[in-house]
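A.B. asks: Line order of the protein sequences matches chains A and B.
Residues 1 to 182, numbered by the working numbering, are exactly what the first sequence covers, in order.
Residues 1001 to 1267, numbered by the working numbering, are exactly what the second sequence covers, in order.
Worth flagging that the hints you see were computed from the coordinates, not collected in a lab.
Cβ atoms here follow ideal geometry from the backbone N, Cα and C, with glycine treated the same way.
Any given hint might turn out to be false.
Straight-line Cα separation of at most 27 Å, DSS-like style, residue types lysine-lysine; simulated pairs [claimed, not checked]: (1) A:Lys113 to B:Lys1013; (2) B:Lys1148 to A:Lys113; (3) A:Lys116 to B:Lys1013; (4) B:Lys1055 to A:Lys156; (5) A:Lys156 to B:Lys1054; (6) A:Lys116 to B:Lys1133; (7) B:Lys1227 to A:Lys156; (8) A:Lys116 to B:Lys1136; (9) A:Lys83 to B:Lys1013; (10) B:Lys1086 to B:Lys1013; (11) A:Lys83 to B:Lys1191; (12) B:Lys1156 to A:Lys116; (13) B:Lys1227 to A:Lys84; (14) B:Lys1151 to A:Lys44; (15) A:Lys104 to B:Lys1156; (16) B:Lys1144 to A:Lys116; (17) A:Lys156 to B:Lys1048; (18) B:Lys1111 to B:Lys1096; (19) A:Lys116 to B:Lys1086; (20) A:Lys116 to B:Lys1137; (21) B:Lys1234 to A:Lys44; (22) B:Lys1151 to B:Lys1133; (23) B:Lys1151 to A:Lys113; (24) B:Lys1227 to A:Lys46; (25) B:Lys1133 to A:Lys113; (26) B:Lys1013 to A:Lys102; (27) B:Lys1191 to A:Lys113; (28) B:Lys1173 to A:Lys116; (29) B:Lys1096 to A:Lys46; (30) A:Lys116 to B:Lys1151; (31) A:Lys116 to B:Lys1234; (32) A:Lys46 to B:Lys1234; (33) B:Lys1144 to A:Lys113; (34) A:Lys116 to B:Lys1148.
With the Cβ distance kept under 10 Å, some of the chain B side facing chain A (calculated, not the full set) [said to hold, decoys possible]: (35) Ile1014; (36) Pro1021; (37) Thr1140; (38) Asp1190.
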Amino acid sequence: MSVVLGTTAQNIVSNVFAQHISSPHQRFLQGAAALAVQPSVDYKNKEIDDDTRAVSVARTIGKIVAGTVVGVAVRAGSIGLIKKMSQRLDPSEIANLKGVQKLKTALTLNISKLPKHLQEIPAATLDGNYRDTFGLILGTVAMLFTNFLLDVPLTKVITEKLTPKVRAKIEKDKQGGMDVNC
Amino acid sequence: MSIASLVGNITTKIGTYAQNPGRALVHLGALGWLLSSAAQISMVATNKNIDKDKKKFLMTHEAADGLTNVGLFYTICAGIKSVADKVVEGGLLAEKRTSDFITGLNRIEGKIDGKLVNKTVQSLVDGGFVDAKEAKKPMTAIFKGLEKFVKSLGDKTLSNPDELKIFSDSFEKLATPEARQQLTEQVFGDKGIKNAFVNHKNGMGKIAAIGASVIATSIIAPIVRNKVANHFQKKLPFEQRNEVYGKYYSPLLKSPVPPVFGNRFKI
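The shape of chain A in the complex, shown without the other chains:
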């Protein structure tokens, strides 16, 4: 048995995912799924006192939001940087590059050095995959530092801002529950 994709589904697979989706989108989706699941699990945990529960929920949201925002930004920034440094220019344009302008082609992929079976793939596809992967490698290294420098303080700020709000929501829910019981 075989399934042949319809036009819309094929467009999503071959154009949207294959050409335009990469690690920043992956990180965003991970964050969105985590945000949909984890805070509510913490919120429903009635085994702990309300104060701990409020901090726990706020902290979970803070970590997810900070991790996602920084993660997406670092990955997208790294891919953007590699893109700027791997431009495919004409030989005449390359000859006219001077000083720092030479960085525009410093990391350009030399397709003629790739294995033969890959050379048949269009340059735009090869370049797109190359830039996404090189950017992700760069981003992975960069995140060793941004974890310390950005994630931690951002998580702290979000947690502090959210804790009173979550606490108020817990109180409100409790009062609502009492009214119903009464």
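Starting from the known structure of chain A, arrange chain B on it as the hints suggest.
C.D. replies: Frame of chain A; chain B shown alone:
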């Protein structure tokens, strides 16, 4: 070796590796988890405020936590990605132009299926155009074998289907150099069927890798990590837990009291 040739070698290696983008997302995602865990362990190891016994305990916990994260992420993502690759390579989830092309080649109506894909590959293996190892990726092997097969015909003009031996059903598409040139462009050109298949495979690979990573990191890993944390928590007397996890715990990625512990006792 000059810097330029070193950079050239690195870009070529990355460029080659990058052409299976789903695999790259899985590998580099796992590497990210690994580096993050290594950073956690090194934070604890270099913290002078933690005494030796507690340091040993926290580092063991961090290592177990890291192993859980990396192990779950990699096994789930690599497993799902591998299944997706097999489904696409076996022709079970096909792209329309590829499906039409393979059925046309065998003069069969309807969609391709696993049997037809395997039969086509087997013809190429029997003819010596694909080896058995390459046949493990059937669709890729068909494109590769077909290219070799067409080249093997050279400039010959064939007069009857028996001369072709394989793909005799497609005699009219392969009989003359002109017809073969047309077929080559249709299949191997920039907008050809082979590249449509490559895009299809890359897209499916990314969907599998991204979907699996969402399931692994956002749903399964937190549940398993809770169990690992419980195991370590139970090793400590209650009065020591807040001291060990509350006061000294790495501020890098987790809370002073990690969420998994925050659910278990007061801050």
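A.B. asks: For the pair supplied as a hint, B:Lys1133 and A:Lys113, is the alpha-carbon distance within the 27 Å limit?
C.D. replies: Satisfied, since the Cα-Cα distance of roughly 24 Å is no more than 27 Å.
A.B. asks: Checking one constraint from the list: CA of A:Lys116 to CA of B:Lys1133, max 27 Å. Satisfied?
C.D. replies: holds (18 Å)
A.B. asks: A:Lys116 and B:Lys1013: Cα distance at most 27 Å?
C.D. replies: holds (14 Å)
A.B. asks: Identify whether the interface hint at B:Ile1014 stands, where standing means a beta carbon of chain A within less than 10 Å of its own.
C.D. replies: Holds - the Cβ of B:Ile1014 comes within 10 Å of chain A, reaching about 5 Å at its closest.
A.B. asks: Going straight from one Cα to the other, do B:Lys1191 and A:Lys113 come out at no more than 27 Å?
C.D. replies: Cα-Cα ~22 Å, so holds.
A.B. asks: Given the hint that A:Lys113 pairs with B:Lys1013, does the C-alpha gap stay at or below 27 Å?
C.D. replies: Judged against 27 Å, a Cα distance of about 9 Å means the pair holds.
A.B. asks: Is B:Lys1144 close enough to A:Lys113, meaning Cα to Cα at most 27 Å?
C.D. replies: holds (19 Å)
A.B. asks: Within a Cα-Cα threshold of 27 Å, do B:Lys1173 and A:Lys116 meet the stated pairing?
C.D. replies: holds (25 Å)
A.B. asks: With a cut-off of 27 Å on the C-alpha distance, tell me whether B:Lys1055 and A:Lys156 pass.
C.D. replies: holds (24 Å)
A.B. asks: At a threshold of 10 Å, is the proposed contact between B:Thr1140 and chain A supported by beta-carbon distances?
C.D. replies: Holds, about 9 Å.
A.B. asks: Between A:Lys46 and B:Lys1234, does the CA-CA distance stay at or below 27 Å?
C.D. replies: holds (20 Å)
A.B. asks: Would the hint linking A:Lys116 and B:Lys1234 be met if the CA-CA limit is 27 Å?
C.D. replies: Judged against 27 Å, a Cα distance of about 57 Å means the pair is violated.
When the structure is compared with the earlier hints, violations turn up for hints 13, 14, 15, 29, 31 and for no others.
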